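**Student:** Kindly generate the complete structure, drawing on both the sequences and the hints.
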Amino acid sequence: MGEAVVASARPSIRLGLKENWRQFSLLVLINAFVGGMVGIERTVVPLIGAKEFHIESTTLITSFIINFGVIKALANLVSGQLADTWGRKRVLVVGWLLALPVPFMIIGAPHWEWVMAANVLLGASQGFAWSMTVIMKVDLIGPKGRGLAVGLNEFAGYFAVGLTAFLTGYLASRYGLRPIPIYLGIFYAAAGLILSILVVRARGLKLGDYLFPSRLHASPHLSTRQYARIVHRWVASIGLDDSAYGTHSIRCTKAALIYRRTKNLRAVQLLLGHTKLESTVRYLGIEVDDALEMAEQTEV
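Read in order, the letters of the sequence shown are residues 300 to 599 in the working numbering.
If you are wondering where the hints come from, they were derived from the structure by calculation, not from laboratory data. Since this is a predicted model, take the numbers as computed values, not measurements. Treat each hint with caution, since some may be false.
Distance condition first, Cα-Cα at most 20 angstroms in a straight line; then the derived SDA-like pairs of lysine to any residue [stated by the list, open to error]:
1. Lys317 <-> Ile434
2. Lys443 <-> Trp320
3. Lys317 <-> Ala501
4. Lys553 <-> His531
5. Lys388 <-> Val499
6. Lys553 <-> Gly584
7. Lys388 <-> Leu494
8. Lys317 <-> Arg473
9. Lys553 <-> Ser542
10. Lys350 <-> Phe486
11. Lys443 <-> Gly461
12. Lys350 <-> Ile364
13. Lys317 <-> Arg445
14. Lys388 <-> Ala501
15. Lys388 <-> Met404
16. Lys443 <-> Gln322
17. Lys553 <-> Ile529
18. Lys553 <-> Tyr526
19. Lys562 <-> Leu576
20. Lys553 <-> Glu577
21. Lys388 <-> Ala490
22. Lys562 <-> Thr574
23. Lys317 <-> Val449
24. Lys553 <-> Ala501
25. Lys350 <-> Met404
26. Lys575 <-> Ala555
27. Lys388 <-> Ile434
28. Lys575 <-> Ala554
29. Lys388 <-> Ser356
30. Lys350 <-> Trp413
31. Lys553 <-> Val580
32. Lys317 <-> Gly450
33. Lys317 <-> Val327
34. Lys388 <-> Ser324
35. Lys388 <-> Leu399
36. Lys553 <-> Thr574
37. Lys553 <-> Leu570
38. Lys575 <-> Arg550
**Tutor:** Written out as structure tokens, the structure is:
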């Protein structure tokens with residue numbers, strides 16, 4: 300087998316909702332937990348400021364929304380870059396780690412500044428976790444399903460915001476502002492973190508990765524020999540003589556058929572990846588007779 304050592308086979312990359320519905324649904328659920336964390340603060344936090352800390356200024360009470368929005372915007376700004384360098388799953392886990400102390404800080408807050416600090420952590424958590432659930436969904440179903448991924452993500456998140464706001468409001472009216480209504484936040488943060496660590500599968504793709512990786516340690520990408528073996532297996536699987544087909548012959552035949560049907564030499568050049576048009580002309584074997592035939596078929 301040579302010096303190259305055969306690595307363990309990597310799972311093939313299959314895009315689509317049908318192929319990845321389990322992981323996709325899991326990410327929808329996780330984003331619902333992300334939205335639920337916001338729902339708790341939208342209902343309970345202003346009441347805590349007014350009734351327990353006796354803050355009379357409405358502007359001061361609602362200033363936590365401004366802090367949340369600014370921090371979340373900054374987290375959104377850097378989350379994409381971090382996803383490419385650290386990986387999607389790691390950024391998602393970091394988002395939930397930031398959210399974990401939030402409900403405990405609100406429950407035990409001795410003064411309003413603790414609540415504001417908790418809200419800063421929540422904003423950073425939202426920026427990382429919410430963004431990663433969107434990106435990871437697009438990774439699963441492909442760019443053509445971006446609209447569906449974003450739509451379901453927003454639906455799950457904001458539905459959870461509304462539902463949690465209703466539940467915390469009901470619990471606050473029955474049991475007080477703290478700690479019972481905030482227990483939902485502990486559940487959301489713990490469940491989101493555990494699922495993100497143990498159940499979510501990262502695609503493991505980065506900007507410099509190859510879409511078709513090699514099974515050999517010595518080569519990062521699929522070699523021409525490996526590709527040729529795959530083509531021969533495909534040809535044999537449909538009952539044809541694999542010795543009559545090869546990667547080069549199939550490529551050449553495809554380019555020739557496109558040229559014959561369209562007569563668009565520039566398009567064929569782009570598909571073949573040729574830098575010079577003369578290379579495409581020689582590759583296709585275009586002769587003077589072909590040019591004369593095209594001229595005869597064109598009326599002025």
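**Student:** Look at each hint and say if it fits the structure.
**Tutor:** Going through the hints against the structure:
no.	hint	result
1	Lys317 <-> Ile434	holds, 18 angstroms
2	Lys443 <-> Trp320	holds, 16 angstroms
3	Lys317 <-> Ala501	holds, 18 angstroms
4	Lys553 <-> His531	holds, 17 angstroms
5	Lys388 <-> Val499	holds, 7 angstroms
6	Lys553 <-> Gly584	holds, 14 angstroms
7	Lys388 <-> Leu494	holds, 11 angstroms
8	Lys317 <-> Arg473	violated, 44 angstroms
9	Lys553 <-> Ser542	holds, 18 angstroms
10	Lys350 <-> Phe486	violated, 25 angstroms
11	Lys443 <-> Gly461	violated, 29 angstroms
12	Lys350 <-> Ile364	holds, 18 angstroms
13	Lys317 <-> Arg445	holds, 15 angstroms
14	Lys388 <-> Ala501	holds, 6 angstroms
15	Lys388 <-> Met404	violated, 26 angstroms
16	Lys443 <-> Gln322	holds, 18 angstroms
17	Lys553 <-> Ile529	holds, 18 angstroms
18	Lys553 <-> Tyr526	holds, 17 angstroms
19	Lys562 <-> Leu576	holds, 14 angstroms
20	Lys553 <-> Glu577	holds, 18 angstroms
21	Lys388 <-> Ala490	holds, 15 angstroms
22	Lys562 <-> Thr574	holds, 19 angstroms
23	Lys317 <-> Val449	holds, 17 angstroms
24	Lys553 <-> Ala501	violated, 36 angstroms
25	Lys350 <-> Met404	holds, 17 angstroms
26	Lys575 <-> Ala555	holds, 17 angstroms
27	Lys388 <-> Ile434	holds, 10 angstroms
28	Lys575 <-> Ala554	holds, 16 angstroms
29	Lys388 <-> Ser356	violated, 41 angstroms
30	Lys350 <-> Trp413	holds, 16 angstroms
31	Lys553 <-> Val580	holds, 15 angstroms
32	Lys317 <-> Gly450	holds, 17 angstroms
33	Lys317 <-> Val327	holds, 15 angstroms
34	Lys388 <-> Ser324	holds, 16 angstroms
35	Lys388 <-> Leu399	holds, 17 angstroms
36	Lys553 <-> Thr574	holds, 19 angstroms
37	Lys553 <-> Leu570	holds, 10 angstroms
38	Lys575 <-> Arg550	holds, 18 angstroms
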